[in-house]
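S.K.: Just so you know, the protein sequences line up as chains A and H, in that order. Start counting the first sequence at 1; every next residue gets the next number (our numbering). Start counting the second sequence at 70; every next residue gets the next number (our numbering).
Watch out, some of these pointers could steer you wrong.
[What the hints assert, rightly or not] Here are some chain H residues pointing at chain A (derived, C-beta under 8 Å):
hint, residue
1, Q171
2, A397
3, H418
4, R444
5, P445
[Claimed, not checked] Stretch-level coverage of chain A by chain H, calculated; a stretch enters the list once three of its residues show a Cβ under 8 Å from a Cβ in chain H:
hint, segment
6, 6-15
7, 33-46
8, 62-69
[What the hints assert, rightly or not] Some chain A residues near chain H, calculated using beta-carbon distances under 8 Å:
hint, residue
9, L2
10, R19
11, P22
12, D30
The hints are simulated quantities; they were obtained by calculation from the structure and are not laboratory data. Every residue, glycine too, gets a C-beta built ideally from N, C-alpha and C.
The lines below spell out each chain.
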Amino acid sequence: MLQVIEVGDYCAGHGKCYRIAPELLRAADDHGHAEYIGPAIDPADKAAVARGLNAINCCPEQALSWKTL
Amino acid sequence: MSLFTNFDHYNPPIGPDGTPYEFFEALRDEAIETNTPIGWSEVYGGFWVVTGWEEAQQIQRDPAVFSSTEVTFPAFGTPGGRPVMLAGHDDPAHMKYRRLLQVPFSPSQAIAMTEYFRKDVNLLIDKFISSGRVDIVEALTQEIPGRMTAMLIGAPPEEGSMFRTWVHSMAMEVHKDPEGAGRHMRDMDAYWEKLLADRRKNRGDDVMSQVIHAEIDGERLTDEELYDFFVILLIGGIDNTVYLLGDMLWRLAWDKELRRRLVRKPELLESAIDEFLRMYSPNMSARITTEAVEIGGVRMEAGQHLVNFHPIINRDPRQFPNPDVFVAERSPNRHFALGLGIHRCLGTHLVRVEATVVAEEFMARIPEWELDQQRPSKWFPGQTGGMASVPIVFPPGGGMPGERPNP
């Protein structure tokens, strides 16, 4: 099952995730809220999963999580 | 006796490395061993010291109970004794004001300033690179944020050091030398009145011009609100960054292995800057309770002060394995150095750009430096604290073979 990163309500615009993984996330507005722009990730693609996990793990608000499509 | 009892963030014991971290670690260890993530200090009439990561998260996510209206403790000497703009407001007032500054502090604006920063940092490095000996805080890290703030305000960069003096007056001098602070505050009042009159007549593209000419619900801001905006640009823009940059270059001066690793692998810098923020969090945030509440095993009464002590919270071993070890690629690294929730530091994106550029340019032009053994580094304590003096020595000219002595 393919996965994407879901940005939850706690996102406060820290911007760590899109600095760490710009290929997956970007700033959606001037506040800095994140939005997912990456492709759906195959869990078998270990490198892509690791990049996604890094982005999820850096969020001080714990606002990011995997969402299975 | 518990280390919490006489805990004073304006007067922590300084250890042999010139920092209070030995004491902070001891306090953290006591908190863990006794399962006391929140302890009571008798200092300044009494306040709660929050050292636990989970508890700090709960507090900062609950502004209805933990109000920001007293975000400094003991209170800064702000003009008119008014709350600190933005940081000292709860919603909806906080968001009403914050919207006015969203664009100039957006991620894209911060990135757009990268090259300006780079030029400015190199101008400052040019002034001392041939000497082989400098106090890096005095010559570089305390200059950059002041100059940056001046630029945002539309003032000449040289006025940045004056802004820093005023921030110190409000934060520290007001408690130690009220007369001296009063003189500085009168200087700031006079400067502000002149700036306000000028920007009303001559609208520029600087942040203060935008705020002065902005309207909220069809109304202009009052003179007091405008002055408070000016003050928060100074308070928020200068000291946090001064100490982050100073602590970073101090650590890199003695941690040669880390420094050489970052020179070899610059792609690590992004996560390393977060690790600097975690390990040397310059800022802590205060709150006041609006009602009685139980948290972290203690009962707080309504109207009590608490301080989220980020330098310890960000070394909570329940959240950060080996918390006293610098791990450049640490993940997860959910530190609270730049605040949390609605009060996430407005300048977050600028701080990251400033830290990245300073690290990149300094390491490129002066790849080898170390602490000056003749002159010890000095720590500045307070609600915002960090290295206030870091004398270093390096090869005059800075550049090593194959490195880049000039930009």
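S.K.: Which hint numbers does the structure go against, in order from smallest to largest?
M.R.: Violated hints (numbers, rising): 2, 4, 5, 7, 8, 9 and 11; every other hint is consistent with the structure.
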